[in-house]
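Asks: Sequence:
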Amino acid sequence: MLQTKKNFEQKRNCWKSNYKYMAIINPLSKMTDILSVKSISNIFGAQQATVFLRYPNKLKGVTIYLFSDLFLWASVRGKYKGSYSLYDKDLQITKSGKEGDADFSIGLKLEKSKRTIVCANDEQRDLIMETVIDAFQKCQLRAKNASYVVFFLKW
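Residue numbers (numbering that gives the first Met the number 0): 0 to 154.
Keep in mind that a hint or two might mislead.
Okay, derived cross-link-like pairs now, DSS-like style, lysine-lysine, Cα gap no bigger than 27 Å in a straight line [to be verified]: (1) Lys78 / Lys97; (2) Lys113 / Lys78; (3) Lys59 / Lys143; (4) Lys94 / Lys113; (5) Lys137 / Lys80; (6) Lys111 / Lys97; (7) Lys111 / Lys94; (8) Lys57 / Lys88; (9) Lys78 / Lys57; (10) Lys94 / Lys108; (11) Lys113 / Lys143; (12) Lys80 / Lys57; (13) Lys57 / Lys137; (14) Lys57 / Lys97.
Because the hints were derived from the structure by calculation, they are not lab data.
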């Protein structure tokens, strides 16, 4: 079967969207290194936990990673699913109102539905929330104290 350019582009785009790796581009070497989310977390020293993500009709197992300035979640197999920057002022992290549910929500103020993270128990939820909120506050403090003054040098 002869493959047209259009069919090839459609297959390539489908392949890209289903790919379970992230690409890290090094502008100095002009090379692209393909690394899995797990190896990226090992390189940058991220904290990780395996929890569940609540959907309307089911729970899905995910692994959450907390970098110094990024909250990221991936499937259990390592496929990238999404992330939030901890420098974003609109990020909200709220605990559920029910005792014993062991879940919390994370998302932006403008989003209609937040991501609901379900933990094994209340202790795990409190530990994860405390760690994420602490990292979020540190990022907000760094952003507040950052200087945005631009200096021009005359040669």
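Asks: Given the hint that Lys111 pairs with Lys94, test it: the Cα-Cα distance must not exceed 27 Å.
Replies: Measuring from Cα to Cα gives roughly 17 Å; hence the hint holds.
Asks: Take the C-alpha atoms of Lys94 and Lys113, compute the straight-line distance between them, and say whether it is at most 27 Å.
Replies: holds, 12 Å
Asks: Against the 27 Å threshold, does the CA-CA distance of Lys113 and Lys78 hold or violate the hint?
Replies: Cα-Cα ~20 Å, so holds.
Asks: Quickly compare the C-alpha distance for Lys78 and Lys57 to 27 Å and report which way the hint goes.
Replies: holds, 19 Å
Asks: Would you mind confirming whether the straight-line C-alpha gap from Lys59 to Lys143 stays at or under 27 Å?
Replies: violated, 36 Å
Asks: Quickly compare the C-alpha distance for Lys57 and Lys137 to 27 Å and report which way the hint goes.
Replies: Since the Cα atoms of Lys57 and Lys137 sit roughly 34 Å apart, the hinted pair is violated (cutoff 27 Å).
Asks: Is it true that the CA of Lys111 sits at most 27 Å from the CA of Lys97?
Replies: holds, 21 Å
Asks: Hinted pair, alpha-carbon criterion (27 Å max): Lys113, Lys143. Please report holds or violated.
Replies: holds, 26 Å
Asks: Please work out if Lys57 and Lys88 have their alpha carbons no farther apart than 27 Å.
Replies: violated, 30 Å
Asks: Given the hinted pair Lys78 and Lys97, is their alpha-carbon gap at most 27 Å?
Replies: Between Lys78 and Lys97 the Cα gap is close to 31 Å, so the pair fails against 27 Å, i.e. violated.
Asks: Between the alpha carbons of Lys94 and Lys108, is the straight-line distance 27 Å or under?
Replies: Between Lys94 and Lys108 the Cα gap is close to 15 Å, so the pair holds against 27 Å.
Asks: Keeping to a limit of 27 Å between CA atoms, is the pair of Lys137 and Lys80 held or broken?
Replies: holds, 25 Å
Comparing the model with each earlier hint shows violations of hints 1, 3, 8 and 13; every other hint is respected.
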